[in-house]
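Chemist: Each chain, written out:
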Amino acid sequence: MEFSAQQIASYLHGEIVGDAQATVHTFAKIEEGVPGALTFLANPKYTPYLYETQASIVLVNKDFVPEHPVKPTLIKVDNAYDCLARLLTLYEQSKPKKTGIDPLAFIAPTARVGKDVWIAPFAYVGENAVVGDRTVVHPHATIGDGARVGEDCTLYAGVTIYHDCRVGNRCVLHAGSVVGADGFGFAPTPQGYEKIPQIGIAILEDDVEIGANTCVDRATMGATIVHRGVKLDNLVQIAHNDEIGSNTVMAAQVGVAGSTKVGEWCMFGGQVGIAGHIHIGDRVVFGAQSGVPSSVKSDQRLIGAPPMEEKPFFKSQAIFRKLPDMYFELNALRKELNELKKQLNK
Amino acid sequence: MEFSAQQIASYLHGEIVGDAQATVHTFAKIEEGVPGALTFLANPKYTPYLYETQASIVLVNKDFVPEHPVKPTLIKVDNAYDCLARLLTLYEQSKPKKTGIDPLAFIAPTARVGKDVWIAPFAYVGENAVVGDRTVVHPHATIGDGARVGEDCTLYAGVTIYHDCRVGNRCVLHAGSVVGADGFGFAPTPQGYEKIPQIGIAILEDDVEIGANTCVDRATMGATIVHRGVKLDNLVQIAHNDEIGSNTVMAAQVGVAGSTKVGEWCMFGGQVGIAGHIHIGDRVVFGAQSGVPSSVKSDQRLIGAPPMEEKPFFKSQAIFRKLPDMYFELNALRKELNELKKQLNK
Amino acid sequence: MEFSAQQIASYLHGEIVGDAQATVHTFAKIEEGVPGALTFLANPKYTPYLYETQASIVLVNKDFVPEHPVKPTLIKVDNAYDCLARLLTLYEQSKPKKTGIDPLAFIAPTARVGKDVWIAPFAYVGENAVVGDRTVVHPHATIGDGARVGEDCTLYAGVTIYHDCRVGNRCVLHAGSVVGADGFGFAPTPQGYEKIPQIGIAILEDDVEIGANTCVDRATMGATIVHRGVKLDNLVQIAHNDEIGSNTVMAAQVGVAGSTKVGEWCMFGGQVGIAGHIHIGDRVVFGAQSGVPSSVKSDQRLIGAPPMEEKPFFKSQAIFRKLPDMYFELNALRKELNELKKQLNK
Numbered sequence: 001m002e003f004s005a006q007q008i009a010s011y012l013h014g015e016i017v018g019d020a021q022a023t024v025h026t027f028a029k030i031e032e033g034v035p036g037a038l039t040f041l042a043n044p045k046y047t048p049y050l051y052e053t054q055a056s057i058v059l060v061n062k063d064f065v066p067e068h069p070v071k072p073t074l075i076k077v078d079n080a081y082d083c084l085a086r087l088l089t090l091y092e093q094s095k096p097k098k099t100g101i102d103p104l105a106f107i108a109p110t111a112r113v114g115k116d117v118w119i120a121p122f123a124y125v126g127e128n129a130v131v132g133d134r135t136v137v138h139p140h141a142t143i144g145d146g147a148r149v150g151e152d153c154t155l156y157a158g159v160t161i162y163h164d165c166r167v168g169n170r171c172v173l174h175a176g177s178v179v180g181a182d183g184f185g186f187a188p189t190p191q192g193y194e195k196i197p198q199i200g201i202a203i204l205e206d207d208v209e210i211g212a213n214t215c216v217d218r219a220t221m222g223a224t225i226v227h228r229g230v231k232l233d234n235l236v237q238i239a240h241n242d243e244i245g246s247n248t249v250m251a252a253q254v255g256v257a258g259s260t261k262v263g264e265w266c267m268f269g270g271q272v273g274i275a276g277h278i279h280i281g282d283r284v285v286f287g288a289q290s291g292v293p294s295s296v297k298s299d300q301r302l303i304g305a306p307p308m309e310e311k312p313f314f315k316s317q318a319i320f321r322k323l324p325d326m327y328f329e330l331n332a333l334r335k336e337l338n339e340l341k342k343q344l345n346k
Numbered sequence: 001m002e003f004s005a006q007q008i009a010s011y012l013h014g015e016i017v018g019d020a021q022a023t024v025h026t027f028a029k030i031e032e033g034v035p036g037a038l039t040f041l042a043n044p045k046y047t048p049y050l051y052e053t054q055a056s057i058v059l060v061n062k063d064f065v066p067e068h069p070v071k072p073t074l075i076k077v078d079n080a081y082d083c084l085a086r087l088l089t090l091y092e093q094s095k096p097k098k099t100g101i102d103p104l105a106f107i108a109p110t111a112r113v114g115k116d117v118w119i120a121p122f123a124y125v126g127e128n129a130v131v132g133d134r135t136v137v138h139p140h141a142t143i144g145d146g147a148r149v150g151e152d153c154t155l156y157a158g159v160t161i162y163h164d165c166r167v168g169n170r171c172v173l174h175a176g177s178v179v180g181a182d183g184f185g186f187a188p189t190p191q192g193y194e195k196i197p198q199i200g201i202a203i204l205e206d207d208v209e210i211g212a213n214t215c216v217d218r219a220t221m222g223a224t225i226v227h228r229g230v231k232l233d234n235l236v237q238i239a240h241n242d243e244i245g246s247n248t249v250m251a252a253q254v255g256v257a258g259s260t261k262v263g264e265w266c267m268f269g270g271q272v273g274i275a276g277h278i279h280i281g282d283r284v285v286f287g288a289q290s291g292v293p294s295s296v297k298s299d300q301r302l303i304g305a306p307p308m309e310e311k312p313f314f315k316s317q318a319i320f321r322k323l324p325d326m327y328f329e330l331n332a333l334r335k336e337l338n339e340l341k342k343q344l345n346k
Numbered sequence: 001m002e003f004s005a006q007q008i009a010s011y012l013h014g015e016i017v018g019d020a021q022a023t024v025h026t027f028a029k030i031e032e033g034v035p036g037a038l039t040f041l042a043n044p045k046y047t048p049y050l051y052e053t054q055a056s057i058v059l060v061n062k063d064f065v066p067e068h069p070v071k072p073t074l075i076k077v078d079n080a081y082d083c084l085a086r087l088l089t090l091y092e093q094s095k096p097k098k099t100g101i102d103p104l105a106f107i108a109p110t111a112r113v114g115k116d117v118w119i120a121p122f123a124y125v126g127e128n129a130v131v132g133d134r135t136v137v138h139p140h141a142t143i144g145d146g147a148r149v150g151e152d153c154t155l156y157a158g159v160t161i162y163h164d165c166r167v168g169n170r171c172v173l174h175a176g177s178v179v180g181a182d183g184f185g186f187a188p189t190p191q192g193y194e195k196i197p198q199i200g201i202a203i204l205e206d207d208v209e210i211g212a213n214t215c216v217d218r219a220t221m222g223a224t225i226v227h228r229g230v231k232l233d234n235l236v237q238i239a240h241n242d243e244i245g246s247n248t249v250m251a252a253q254v255g256v257a258g259s260t261k262v263g264e265w266c267m268f269g270g271q272v273g274i275a276g277h278i279h280i281g282d283r284v285v286f287g288a289q290s291g292v293p294s295s296v297k298s299d300q301r302l303i304g305a306p307p308m309e310e311k312p313f314f315k316s317q318a319i320f321r322k323l324p325d326m327y328f329e330l331n332a333l334r335k336e337l338n339e340l341k342k343q344l345n346k
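Heads up: the sequence lines are chains D, F and P, in that order. Its first residue numbered 1, the first sequence is counted upward by one per residue in this note's numbering. Its first residue numbered 1, the second sequence is counted upward by one per residue in this note's numbering. Its first residue numbered 1, the third sequence is counted upward by one per residue in this note's numbering.
Quick caveat, the hints were computed from the structure, so don't treat them as lab data. One should not assume that every hint holds.
Same chains, same label: a pair holds when it works inside one copy or across any pair of copies.
Unchecked claim - Subject to a maximum C-alpha distance of 16 Å in a straight line, what follows is the list of computed EDC-like cross-link-like pairs (lysine to aspartate or glutamate):
hint	residue 1	residue 2
1	Lys311	Asp82
2	Lys195	Asp19
3	Lys297	Asp325
4	Lys315	Glu329
5	Lys261	Glu31
6	Lys311	Glu92
7	Lys98	Asp206
8	Lys195	Asp82
All chains should be modelled from the sequences, with the hints used to inform the complete structure.
Modeler: Structure, rendered in C-alpha cells:
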C-alpha cells in the first residue's frame with residue numbers, strides 16, 4: 001500500500017513542506033532511509049542525517065527549521081514521535097487478519113470461544129476455558145482447563161496459561177511465556193523437600209504485555225496479580241503471590257521473589273532482583289542490575305545493591321577503583337603518624 | 001467438596017475449639033479469609049488477623065492461646081503449617097484426573113507408554129521413548145527419541161526432553177523447561193567457532209522439580225546429573241556436565257556454568273551465578289545475586305561476589321556508601337599530616 | 001558401530017602405540033573410561049588418569065611420552081582435542097537421519113519447503129514461509145508467516161520464529177528459543193503506556209547457534225542482526241535493533257539492551273548486562289556478571305560494573321572486605337591526628 005504526503009499530513013493534521021505528491025510504502029530509521037520510506041526526526045542528535053537521508057517523507061516537530069536544503073518532503077506535526085507511533089499502529093492494523101478456528105486446533109467441548117477469533121493449528125483450549133472475542137491464539141499455545149482469556153488478546157506461539165488462571169482484555173503474551181506455573185513452595189523434612197501444593201491462580205489484568213519466555217507464577221493460595229497496563233520484557237520472573245501495580249514496566253531478566261508488592265508506574269532496569277515479602281512504592285525507578293533486599297518508599301530513583309540514590313552510588317562506584325590506592329595511603333598515614341608521635345613523645 | 005471441622009480434626013489428630021460442624025470448601029490466607037474457607041496461623045506476626053478473619057476454620061499450633069474471642073472454629077495441631085500442607089496435598093489429589101492417550105497425541109510405534117497415563121493432544125513421544133505409569137504429559141510436550149520418563153511424573157505444556165535423556169519418578173517439569181539441549185561447546189578456529197558435538201545426556205533423578213523455562217543441558221560426554229530431590233525454580237540454567245547434589249534448591253534465574261559439582265542440601269538465592277569447573281560443598285547457602293568464581297567448602301552461608309560471610313559482607317556493603325567521604329577524609333588527613341610534619345621539621 | 005584403532009588412526013593420520021586391533025563403540029571422558037570407549041588426553045592435569053583408565057583407545061598429542069606402562073592403545077595425533085571433535089562430528093553425522101514431511105505437520109499452502117528436510121509432527125510452517133534443503137524442524141516449532149529459514153538448519157522443539165524473520169544456513173536453534181518477538185517499545189501517556197508497533201524483523205545470519213529459551217527480538221524498524229558465526233548460550237536476551245558482530249559468543253543469561261552494537265569475536269561471561277544505545281568494540285571480553293553502562297573500545301578484557309581491567313578489579317574486590325577495618329582505622333587516625341595537633345598548638 002502507498003500513501004502520499006498529502007494523505008499522511010491530513011491524517012496527522014500536519015503541515016507539508018515540499019512535494020505533497022511524494023509517496024511512501026514503508027518505514028525506516030532516518031539513518032537507514034530509502035526512497036519510498038517514511039521516517040521521523042525527534043532527537044536533535046539525529047538532525048545531520050536529515051540532509052543525507054534517501055527517505056521520501058520525514059515527520060518533524062512543528063518548531064523544526066532546517067539549516068540546509070532538504071530533499072525529502074517534510075511533514076510538520078506537534079510531536080513527531082507520537083505521530084510516528086500513530087502511523088505504525090495504523091499500518092499494523094491495516095494488515096490482513098486471520099480468523100476462524102482451525103480444524104487442527106483442539107477446543108475442549110466445554111470451552112467457550114468468542115467470535116472473530118483466530119485459533120491456530122495445534123492451539124489447545126482446555127475444559128471450561130474461555131477465549132474472548134477477537135482474540136488470536138497462535139500455534140502451540142495452551143489455555144489450560146478453566147482458564148479465561150479476555151477480548152482482543154494475542155497469545156503468540158507456545159504460550160502456556162495454566163488451569164484456572166485469568167488474562168484480561170487487550171493483553172499480549174509473547175512466545176514461550178508462562179502464566180500460572182506452580183509457585184516455588186517446599187517444606188523441608190529430614191528426607192527431602194515436600195511440595196506445598198499451589199492452589200491459587202495468576203491474574204493478568206487488562207492491557208498487560210509480557211515478553212517471550214517470561215514467567216508469572218500462580219499463588220500458593222489466593223492470586224498473583226499483574227495489574228492493568230503492566231509491561232514486562234522477556235525472561236522476567238514474577239513469583240507466587242506477587243502483586244505488580246498498574247503501569248509498572250520491567251526490562252528483561254528482572255526477577256521478583258515471592259509475596260512482594262510492587263507499586264504503580266515503577267520502572268525496573270534489566271536484571272534487577274527484588275527480594276520476597278517486601279513492598280516497593282509507586283513510581284520507583286531501579287537502575288539495571290540493582291539488588292533490592294528490603295522495602296522501598298515511593299518516588300525514588302535508586303541503583304545498586306542495596307539500592308541508593310544515583311548520584312552517591314556513581315560516586316562510590318567511581319571510588320571503588322581507587323580502593324587499592326586508598327588502602328596503601330591509609331597504611332602510609334598510619335606509619336607516618338606513629339613516627340610523628342614517637343618523635344613528639346621523645 | 002465440603003469438609004467439617006470434625007472430619008478435618010480427625011484426619012489431622014487435632015483438637016477442636018468451637019463449632020465442630022463448621023464446614024469449608026476452599027483455602028485462603030488468614031488476611032483474605034472468607035466464609036467457607038480454611039486458613040492457618042503459623043507466624044505470630046499474623047495473629048491480629050485471627051480476630052478479624054471471615055474464614056470458617058483456622059489451624060493453629062497446639063500451644064496457641066487466643067487473647068480475644070475468636071469467631072472461626074480453631075483446630076489445634078502439632079504444626080499448623082505442616083498440617084496445611086497435608087490438607088492441600090489431599091485437596092490436590094482429590095481432583096479428578098485425566099487418563100488415556102489422546103488420539104491427537106503422537107506416539108512413535110516403538111515407544112513404550114505405561115498404564116494410567118494421560119498423554120494430551122499434540123504431545124509428542126519419540127522413537128524408543130519410554131513413559132512410566134501414571135505419568136501426565138501435557139499438550140506440546142516433547143519426549144525425544146530414546147528418552148525415558150519415569151512413573152508419576154508431570155510434564156507441563158511445552159516441556160522438551162531431548163533424545164536419550166532420562167527423568168526419574170515423581171518428577172515435575174514446568175512449562176517450557178528444557179532437558180538435554182546441547183552444552184555450550186565450541187572450538188575456536190581462525191574462521192569461526194566449530195561445534196563440539198554434545199553426545200552425552202542429561203539425567204534428572206527421582207523427585208526432582210524444575211521450573212518454567214528452566215534449562216538443564218546435556219553433557220559433552222557422560223551425563224549432566226540432577227540428583228534426587230533437587231528443586232529448581234524458573235529460568236535456571238544448569239550447564240553441561242554439571243552435577244547437582246540431592247535436595248539442593250535454587251531460586252529463579254540462577255546460572256551454573258559447565259562441569260561444576262554442587263553438593264547436597266545447598267540453597268542458592270535468586271540470580272546467583274556459579275563459575276564452571278568448581279566444587280561447591282554440601283549445605284552451602286548463597287545469598288541472592290552472589291557471584292561464585294571458585295570452589296567453596298561445605299556448611300557455609302555466603303553472599304557477594306566473590307562470596308564472603310554474611311556479617312562482614314553487610315558491613316562492607318554499608319561502608320560502600322561512605323566511600324566518597326572516606327576518600328575526602330583520607331586526602332584531608334594527608335594534607336594535615338604533611339602540614340604537621342613541615343611544622344615539626346622547621 | 002565399532003571402529004578399530006587402525007581405522008581411526010588412518011582417518012586422523014595418527015600413529016598407533018599398542019594394539020591396532022583394539023575397537024571402540026563409544027566415547028568417554030578419561031576419568032570415566034570403560035572398555036570399548038575412546039577417550040583423549042589434552043590437558044596435562046589429567047595425565048594420571050591415563051594409567052588407570054579402562055578406555056580401549058586414547059588420543060594423545062604427538063609429543064606425549066608416557067612415564068608408566070599404559071594399558072589402552074594410544075593414537076598419537078597433532079592435536080588430540082581437535083581430533084576428538086572431528087571424531088565426534090563424524091559420529092553424529094553417522095546417525096540415521098529422519099526425512100520427510102510428517103502428515104501431522106502443518107505446512108501452509110503458500111509455503112515453500114526444500115528437499116531432504118524433516119518436518120516433524122505438529123511443526124507449523126506459515127503462509128509464504130520458506131524452509132531450505134536438509135533443514136530439520138522438530139515438533140512444536142513455529143515458522144511464522146513470511147519467515148525464511150536457510151539450508152542445513154536444525155530447529156529444535158518449540159522454537160518460534162516470528163513472521164518475516166530470517167535465519168541463515170547451518171543455524172541451530174535450541175528448544176524454546178524465540179526469534180522476532182516484539183521489541184520492548186512503549187510510549188508513556190498519562191493513561192498508561194502505548195505500544196509502539198514493532199514492524200522491523202530479526203535476522204540470524206549463517207552458522208549462528210542460539211541456546212534453549214534464548215530470545216532475539218525484532219527491530220522497531222529495520223532489523224535486529226545476529227551476524228555470521230555468533231553463538232549464544234541459553235536464556236540470553238538480545239533486544240530490538242541490536243547488532244551482534246560475527247563470531248561473538250555469549251554465555252548463559254546475558255542480556256543486551258536495545259539499539260546496541262556489539263563487535264566481532266567478543267566473549268561475554270554468564271549474566272553480563274549491556275546497556276542500550278552503546279557500542280562494544282571487537283574482541284572485547286567481559287567477565288561474568290559484568291554490568292556495562294557505556295561504550296567500550298576494542299581489544300579489552302574487562303570485568304565489573306562498570307567494567308574495569310581484570311587486575312585492578314580483583315585488587316579492589318579484595319579490599320572490599322577490608323572496608324570496615326579501613327573505616328575504623330580512618331576514624332582512629334583522625335582522632336589521633338587531632339590530638340597531636342592540639343598538643344602541638346598548646
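Chemist: Just pull the numbers of the violated hints for me, sorted ascending.
Modeler: 1, 2, 3, 6 and 7
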